[in-house]
Amino acid sequence: MNVTIKGIGIAAPFGGKAELKATVLGEIPPNAPPLYKTTTDKLSKFIPARKLRRIDHFTRMALLAAFRALDDANKVKDLPQNLGIILCTGYGPSQTTFDFLDSIIDDGAKLASPLAFSHSVHNIPTGVLSLLLGAPCPQTTICQLTNPVMTGLQTAALWLAEKRVESVLFGAVDETTPLLEENAHRLAMEKGREISTPVSEGAVFFLLNNQEHGYATIETNTSLSELNNIPLFSHRELPNALNLGTLFGALPVTGAFNLAAAALSIEGTDRNAGYNEGNTWLQVSGRTHA
Amino acid sequence: MSDLGTINIIGAACICAAGATLDDCMDSMLAKRGAPVAPSLFKCELTEIYPVFEVPNEFINNSSPHLTRTANLLRATVDDAFTGSGISHKNLESLKVGVCIGTSVGASLSFLDFYRTWKQGRHPELDPIHRYLKSNPADIIVNQYALDGPSQTVVNACTSGTDAIGIGASWIRHGLCDIVIAGGTDELSEISYNGFASLKITSPEPCRPFDKDRSGLNLGEGAGVLLLASDNAVDKLSPRIRGKVLGYGTFGDAHHLTAPHPKARGLKMALKAAFKNTTLGYGDIDFINVHGTGTPTNDHVEGLALQEIFPTTPYSATKGFTGHTLGAAGAIEAAFTLACMERGELPPSKGFAEVDPGIGCRPIAERTQKSCRYALSQSLAFGGNNSVLILEGGEGI
Numbered sequence: 001m002n003v004t005i006k007g008i009g010i011a012a013p014f015g016g017k018a019e020l021k022a023t024v025l026g027e028i029p030p031n032a033p034p035l036y037k038t039t040t041d042k043l044s045k046f047i048p049a050r051k052l053r054r055i056d057h058f059t060r061m062a063l064l065a066a067f068r069a070l071d072d073a074n075k076v077k078d079l080p081q082n083l084g085i086i087l088c089t090g091y092g093p094s095q096t097t098f099d100f101l102d103s104i105i106d107d108g109a110k111l112a113s114p115l116a117f118s119h120s121v122h123n124i125p126t127g128v129l130s131l132l133l134g135a136p137c138p139q140t141t142i143c144q145l146t147n148p149v150m151t152g153l154q155t156a157a158l159w160l161a162e163k164r165v166e167s168v169l170f171g172a173v174d175e176t177t178p179l180l181e182e183n184a185h186r187l188a189m190e191k192g193r194e195i196s197t198p199v200s201e202g203a204v205f206f207l208l209n210n211q212e213h214g215y216a217t218i219e220t221n222t223s224l225s226e227l228n229n230i231p232l233f234s235h236r237e238l239p240n241a242l243n244l245g246t247l248f249g250a251l252p253v254t255g256a257f258n259l260a261a262a263a264l265s266i267e268g269t270d271r272n273a274g275y276n277e278g279n280t281w282l283q284v285s286g287r288t289h290a
Numbered sequence: 291m292s293d294l295g296t297i298n299i300i301g302a303a304c305i306c307a308a309g310a311t312l313d314d315c316m317d318s319m320l321a322k323r324g325a326p327v328a329p330s331l332f333k334c335e336l337t338e339i340y341p342v343f344e345v346p347n348e349f350i351n352n353s354s355p356h357l358t359r360t361a362n363l364l365r366a367t368v369d370d371a372f373t374g375s376g377i378s379h380k381n382l383e384s385l386k387v388g389v390c391i392g393t394s395v396g397a398s399l400s401f402l403d404f405y406r407t408w409k410q411g412r413h414p415e416l417d418p419i420h421r422y423l424k425s426n427p428a429d430i431i432v433n434q435y436a437l438d439g440p441s442q443t444v445v446n447a448c449t450s451g452t453d454a455i456g457i458g459a460s461w462i463r464h465g466l467c468d469i470v471i472a473g474g475t476d477e478l479s480e481i482s483y484n485g486f487a488s489l490k491i492t493s494p495e496p497c498r499p500f501d502k503d504r505s506g507l508n509l510g511e512g513a514g515v516l517l518l519a520s521d522n523a524v525d526k527l528s529p530r531i532r533g534k535v536l537g538y539g540t541f542g543d544a545h546h547l548t549a550p551h552p553k554a555r556g557l558k559m560a561l562k563a564a565f566k567n568t569t570l571g572y573g574d575i576d577f578i579n580v581h582g583t584g585t586p587t588n589d590h591v592e593g594l595a596l597q598e599i600f601p602t603t604p605y606s607a608t609k610g611f612t613g614h615t616l617g618a619a620g621a622i623e624a625a626f627t628l629a630c631m632e633r634g635e636l637p638p639s640k641g642f643a644e645v646d647p648g649i650g651c652r653p654i655a656e657r658t659q660k661s662c663r664y665a666l667s668q669s670l671a672f673g674g675n676n677s678v679l680i681l682e683g684g685e686g687i
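Protein chains in written order, with my numbering: chain A, 1 to 290; chain B, 291 to 687.
You can take every hint at face value.
One side only, chain A facing chain B, incomplete, derived with CB under 7 Å: (1) I105; (2) A109; (3) K110; (4) A112; (5) G127; (6) T141; (7) I142.
None of these hints come from the bench; they were simulated from the model.
Glycine included, each C-beta is placed from N, C-alpha and C at the ideal position.
Here chain A stands alone, though its shape is the one from the complex (with noise of 0.2 Å):
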């Protein structure tokens, strides 16, 4: 059950995909970014002001990553047929959840803000995009902190296989929130240790099918033995991984990053590159690009 990327799409603190290819390519250091927040100002070139009003930032930096994967495959304006849409996070909108709180706390609950809690179900981003896309669409969320990226991948490549769809958006998204960095740093010091990356956020789409050709094949079963002596895109120290940690900070969906890191490496080439999520390695083939 292979799957072409077709798409990237990135919103993150480093920037997008350019950015990332020209680290991965040693054109640039793998540098910290001035902050761990992601500017979501460039989503005007696709969607109008007046219909991001009401949206969070959470959703923003999902709908920005999205739109610039279909915008990376040259699929904005012509959206491809029986699209679905796969998104995972670690947290959900977390921030829209504390918002609802602070509603709660601050003016009562007879005056609960009805927009923060219906914005703060999680799956409210994957109705967005596909509102704003005007595509009905099979659509599903996922949240978990373990391996939500791989599992994303997997509910794609059978959504693929199972022909239920012919293309997929498929993205990643977390958020910093004041509380979760707060949380970060208690959690690490109950351990003894302070937190080694600052916590991040951002988002990463890839536009999905499994036609040939495309950025790279994303293998969905890789043996160990298949990644010596090909580059890892890894937060662990490896001998032949490159660790972009500092680059895209902490974030439950770190793996999506990984994987647009890896990918972007072979772009062009008929080579293999490998990344993690967790204790699950996986490789990216270059061998089936245009």
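Given chain A, put chain B in place with the hints provided.
This is chain B only, laid out in the frame that chain A set:
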């Protein structure tokens, strides 16, 4: 009846306000017992009380204080599903077992008291955070049973349970698993209570699905689980086969974030997708467990679709017995659907009394005997999600 391989159902269980077991729930529903009550699990600041369907604590066996109520509901339900199937943990050792669970509240950062204290500039104890981190629904089952198959927590609001079963069925069909523990779980919480009240879709009275005078939903809580198995697993374990999952379809409306498409666009597309790889037609369906929340909008749209596509098929709305259990609803109702086919009896739609002329169709109002082989369980959700399962059951299995 499906050309996509066989997905056997070898276990089914649920816990909700209607009962501590699937059998108890069916007995309650067929006897038309149960009513919502004022919330006791949390304090209500609102002047108007919106009654809810709470699960008595004694229904939740082996509850752990280190886990959320959502996780405890699920653990107890999964245990019951295995007990009922006659399969022990040791039987699983040579099999690839996956876990796919839907939830809504169970994945939300719903620690109001912790947050309130933190907002005051203090540093509250991290217990609620640890509890949250340990309680991801799919993870908790993977860890409890030491499983090594795929695991996924689906958060598609009120279609989550239905979607989890549909995704789990795909894992069997494509050989990723021999067995999948698939279902949904959610607890009542002060946050969702206030949230739904703020949207003005909760009723101060017991809900009345499809009734002319319906005034909103009642929240509920619970968990539902189906144990799905490949033919290979069935050969190894020789369990009783209670039914089959024949089809699954899901589609978003792309219309509105909290209201269904007025012409049920997504629901109709989900139905079409569910039937696509079966040899069944709409006319083969003997019974439908509908979403039927009791809100004016949901029941109107769902009713119009039923009138158009299933004009003569009997349907029940069971949320008058359970409340709307959000991410658990689809799984609990899939278990009900299976049990209805096993018993050859369909429950009444508690709360329904008079046909809404704007819909023009009538759910089952009284306990009804009917032999059923094929049935649907359908769910609608915020975000515009619509999901449908086609199940086979009854004596033919």
